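Student: The residues making up each chain are set out below.
2 protein chains.
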Amino acid sequence: MIPPIEILGLCAAFFTAFSSLPQSIKMIRTKHTRDVSGVTFSMMFISHLLWLSYGIFQMAISIIASNVVAITMVSLVLILKYIVWKDEELS
Amino acid sequence: MIPPIEILGLCAAFFTAFSSLPQSIKMIRTKHTRDVSGVTFSMMFISHLLWLSYGIFQMAISIIASNVVAITMVSLVLILKYIVWKDEELS
Numbered sequence: 002m003i004p005p006i007e008i009l010g011l012c013a014a015f016f017t018a019f020s021s022l023p024q025s026i027k028m029i030r031t032k033h034t035r036d037v038s039g040v041t042f043s044m045m046f047i048s049h050l051l052w053l054s055y056g057i058f059q060m061a062i063s064i065i066a067s068n069v070v071a072i073t074m075v076s077l078v079l080i081l082k083y084i085v086w087k088d089e090e091l092s
Numbered sequence: 002m003i004p005p006i007e008i009l010g011l012c013a014a015f016f017t018a019f020s021s022l023p024q025s026i027k028m029i030r031t032k033h034t035r036d037v038s039g040v041t042f043s044m045m046f047i048s049h050l051l052w053l054s055y056g057i058f059q060m061a062i063s064i065i066a067s068n069v070v071a072i073t074m075v076s077l078v079l080i081l082k083y084i085v086w087k088d089e090e091l092s
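Protein chains in written order, with the numbering used here: chain A, 2 to 92; chain B, 2 to 92.
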């Protein structure tokens with residue numbers, strides 16, 4: 002059986018990994034990105050990259066997996082803001 | 002001397018803790034919150050709360066401290082979006 006503390010960690014990792022997804026969905030639905038802070042999502046990108054390196058050093062699969070997912074999700078937000086709807090940024 | 006892996010963890014924790022701050026600053030400066038996903042920041046709030054519980058169970062001061070800061074930063078974004086400039090939400 003998985004120890005309760007590991008279940009807590011897995012739940013936390015799940016929310017960390019997928020928390021940026023609703024922001025992407027909102028951007029796709031509304032086609033608006035102006036109010037979203039690019040600095041915040043860039044800092045999130047860096048933090049997940051650092052946690053990924055940490056996970057690789059520690060050989061911790063759960064840290065590696067959750068941060069790979071998180072990097073993908075945060076990248077999607079940054080791509081939508083700066084590439085797909087960059088005109089909105091410039092207006 | 003602090004081991005390199007711990008320095009990596011501390012850098013990651015720093016970026017995690019403060020990544021929401023630029024979003025709050027942008028909201029305060031522009032007075033606009035419409036495009037920011039409340040679901041994303043609510044999920045971030047839950048994730049930091051779960052990591053905080055995890056840190057308390059593990060008695061890991063760095064996890065506790067970085068998540069207390071992160072919860073404060075994310076709360077500020079949610080307060081700005083849903084309390085301070087809630088009229089923007091309704092418009």
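No lab work stands behind these hints: they were computed from the structure.
Among the hints, erroneous ones may be present.
Put simply, identical chains are the same to the list, so a pair is met inside one copy or across any two.
[Claimed, not checked] For lysine to any residue, the following SDA-like pairs were computed, each having C-alpha atoms within a straight-line distance of at most 20 Å:
id	residue 1	residue 2
1	Lys-87	Ala-66
2	Lys-87	Asp-36
3	Lys-87	Gly-39
4	Lys-87	Arg-35
5	Lys-87	Phe-46
6	Lys-87	Thr-31
7	Lys-87	Leu-77
8	Lys-87	Ile-29
9	Lys-87	Leu-53
10	Lys-32	Val-85
11	Lys-87	Ile-57
12	Lys-87	His-33
13	Lys-87	Ser-76
14	Lys-32	Leu-53
Being a predicted model, the structure only gives us computed values, none of them experimental.
Student: Which hints from the list above does the structure break, by number from lowest to highest?
Tutor: 1, 9, 11, 14
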